[in-house]
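Asker: Heads up: the protein sequence lines correspond to chains P and R, in order.
The first sequence begins at 1 in the UniProt record's numbering and counts up one residue at a time.
The second sequence begins at 1 in the UniProt record's numbering and counts up one residue at a time.
No lab work stands behind these hints, which were simulated from the structure alone.
Worth double-checking, as some hints may not be accurate.
In silico negatives: residues of chain P with every beta carbon more than 10 Å from chain R [said to hold, decoys possible]: (1) Phe-184; (2) Ser-189; (3) Arg-193; (4) Gly-201; (5) Glu-284; (6) Gly-300; (7) Pro-359; (8) Gly-364; (9) Pro-419.
Quick list of the computed label-pair ranges, beta carbon to beta carbon [claimed, not checked]: (10) Leu-207/P with Ala-77/R: 39 to 45 Å; (11) Thr-224/P with Ala-19/R: 23 to 29 Å; (12) Arg-26/R with Ala-276/P: 17 to 23 Å.
Built from N, CA and C at the ideal position, the CB exists for glycine as well.
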Amino acid sequence: MTTTEAAALPLEAELSRLRAEVARLEDERAALRDAMQHRDEELEVAARMLRARAQTMTSVIDAVTEQSIIGTDRDGVIRVWNPGAEKLLRLPRQDVVRTRSITEFHLPEELDEAGGGLDALVGVAREQGRDVRDWTYVAADGSEITVSVAVTPRADDRGEHAGWNFVGTDMTEARATERMKDQFVSLISHELRTPLTSIRGYLELVLDDEDQPLTDDQRTYLTTVERNADRLLRLVGDLLFTAQVDAGRFTLQPEDVDLSEVVRGAEETARVTARAAGVDVDVEVPDAGLVVRGDAVRLGQACDNLVSNAVKFTPRGGRVTLTLRAGWRTADGDAVSTPVEGALPVATLAVRDTGIGIPAGEQGQLFARFFRASSARRAAVPGVGLGLAITKAITTAHGGTLELTSVEGQGTTFTVVLPR
Amino acid sequence: MPTAPPRVLVADDEDDIRALVCLAVRRAGCTVLAEVTDGAAALAAARSQAPDLAVLDVSMPGASGSEVCAALRSDPATADVAVLLLSAGASPDDVARGLAAGAHAYLAKPFAVAALVARVRELTAGSPS
Numbered sequence: 001m002t003t004t005e006a007a008a009l010p011l012e013a014e015l016s017r018l019r020a021e022v023a024r025l026e027d028e029r030a031a032l033r034d035a036m037q038h039r040d041e042e043l044e045v046a047a048r049m050l051r052a053r054a055q056t057m058t059s060v061i062d063a064v065t066e067q068s069i070i071g072t073d074r075d076g077v078i079r080v081w082n083p084g085a086e087k088l089l090r091l092p093r094q095d096v097v098r099t100r101s102i103t104e105f106h107l108p109e110e111l112d113e114a115g116g117g118l119d120a121l122v123g124v125a126r127e128q129g130r131d132v133r134d135w136t137y138v139a140a141d142g143s144e145i146t147v148s149v150a151v152t153p154r155a156d157d158r159g160e161h162a163g164w165n166f167v168g169t170d171m172t173e174a175r176a177t178e179r180m181k182d183q184f185v186s187l188i189s190h191e192l193r194t195p196l197t198s199i200r201g202y203l204e205l206v207l208d209d210e211d212q213p214l215t216d217d218q219r220t221y222l223t224t225v226e227r228n229a230d231r232l233l234r235l236v237g238d239l240l241f242t243a244q245v246d247a248g249r250f251t252l253q254p255e256d257v258d259l260s261e262v263v264r265g266a267e268e269t270a271r272v273t274a275r276a277a278g279v280d281v282d283v284e285v286p287d288a289g290l291v292v293r294g295d296a297v298r299l300g301q302a303c304d305n306l307v308s309n310a311v312k313f314t315p316r317g318g319r320v321t322l323t324l325r326a327g328w329r330t331a332d333g334d335a336v337s338t339p340v341e342g343a344l345p346v347a348t349l350a351v352r353d354t355g356i357g358i359p360a361g362e363q364g365q366l367f368a369r370f371f372r373a374s375s376a377r378r379a380a381v382p383g384v385g386l387g388l389a390i391t392k393a394i395t396t397a398h399g400g401t402l403e404l405t406s407v408e409g410q411g412t413t414f415t416v417v418l419p420r
Numbered sequence: 001m002p003t004a005p006p007r008v009l010v011a012d013d014e015d016d017i018r019a020l021v022c023l024a025v026r027r028a029g030c031t032v033l034a035e036v037t038d039g040a041a042a043l044a045a046a047r048s049q050a051p052d053l054a055v056l057d058v059s060m061p062g063a064s065g066s067e068v069c070a071a072l073r074s075d076p077a078t079a080d081v082a083v084l085l086l087s088a089g090a091s092p093d094d095v096a097r098g099l100a101a102g103a104h105a106y107l108a109k110p111f112a113v114a115a116l117v118a119r120v121r122e123l124t125a126g127s128p129s
């Protein structure tokens, strides 16, 4: 081997090592390029999916034309304004987004009444995660719109609080319908009461005419007419009252009311019917009286309803017991007969009967309007199913409760608890 | 010289009820001065005949009983006429509205004839005629 040959050997070895290295690098580069291209495609798919998702969200929000969807940042500055909001408040998106605050579209007096500012709108939603109530929106032309607004907090991708959503439904029409229903019920009740005034008035003249006394038969027949006119009148009154409760127009005339007197009065009212039905009515009330703050007429009505029901649903030979007691109600809602710390003074009236009872499965529906227990229908006890709904509304309006325990075939106890 | 009975104006658009009211007014020992069927006629009759008492239905065509009552109160010539309102709407709000219009008493329909007689007597007691 010549010297030159000997020198070429390491050089060639180096060259081939370098070639191999270049080839490996090229492979690596190709692999990297592949990976990058793959990543590119993946990114594009992801971006496309995101765009599609955003598009779906936008198109869903844009498709809502009858409800306003307004999204704000944490300070109430508007970021989302859908076509429903454009239509309701009569302003295009570009005039509002990033430049106006949600509070600018609320009736200022109403906001001030609720504490003022954005906090008046989002306070409850911040505490409870959600708030739905009626607000008055003021549109660009100054018109005021009653809107039921659902407020919820909105989070960003990291779960941080990012702002608020306000979804509003225009209630103008619904409120107008309610008003119409109201007017209708008033009209009907007026139209029914007018002929009843004549019927009862002229009956009274005939029944009380001392110069021309009636025969016993005539008196019986006309008393039956009178009783049925009274029944019709009560029904009209009950329907009107139910409509008032519905419309939130039911108001109390509060005064000091002696419940002992109310209970005795209810017994007196039911006495004739009870005697005819062979049902004994016992009254246990504090002799010194038991005074609550309330509407005497309505509490009387509630008490009358419970007593007349008890008599109505108790077979001959049975007994109805009215027990009125002063007591206390603990924070847990338990009734106790001696004062304990934190307990509120209450008056408790229990109306217990030995009647036909209410099937366990139906007791939950008993306070619903027009509901009648199957036991009542089977026994053919007359009624339309308004009395208990009315009694419940009256006790609730007084801040009280109405509950029952009943065993079919054994009897029922209704318990009214009123704050005193 | 015997005193003349108190004079009462009766306004109700329902014939049967108006007849019933007139009967109650007479039973109360009063004279029915005029029977009318709408608010405008009630106001005209009250102005021209100066009754001691006006028994007014609340819902009459033209002016309501409450409106007639308010008009009577605002005119010095009729401000002293006693007013009894009758209405088939018996909510506490109705009563409050009637009394706010200046009525002395309010009776919800259907009323007991005996109760109406008592009210008319009460409101005309001491009426110089």
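Asker: Does each hint hold? Answer for all of them.
Answerer: Verification of the hints:
no.: 1; hint: Phe-184; in the structure: holds, 14 Å
no.: 2; hint: Ser-189; in the structure: violated, 7 Å
no.: 3; hint: Arg-193; in the structure: violated, 4 Å
no.: 4; hint: Gly-201; in the structure: violated, 4 Å
no.: 5; hint: Glu-284; in the structure: holds, 32 Å
no.: 6; hint: Gly-300; in the structure: holds, 14 Å
no.: 7; hint: Pro-359; in the structure: holds, 36 Å
no.: 8; hint: Gly-364; in the structure: holds, 31 Å
no.: 9; hint: Pro-419; in the structure: holds, 22 Å
no.: 10; hint: Leu-207/P with Ala-77/R: 39 to 45 Å; in the structure: holds, 42 Å
no.: 11; hint: Thr-224/P with Ala-19/R: 23 to 29 Å; in the structure: holds, 24 Å
no.: 12; hint: Arg-26/R with Ala-276/P: 17 to 23 Å; in the structure: violated, 37 Å
In summary, the structure is inconsistent with hints 2, 3, 4, 12 from the numbered list given earlier, while agreeing with the others.
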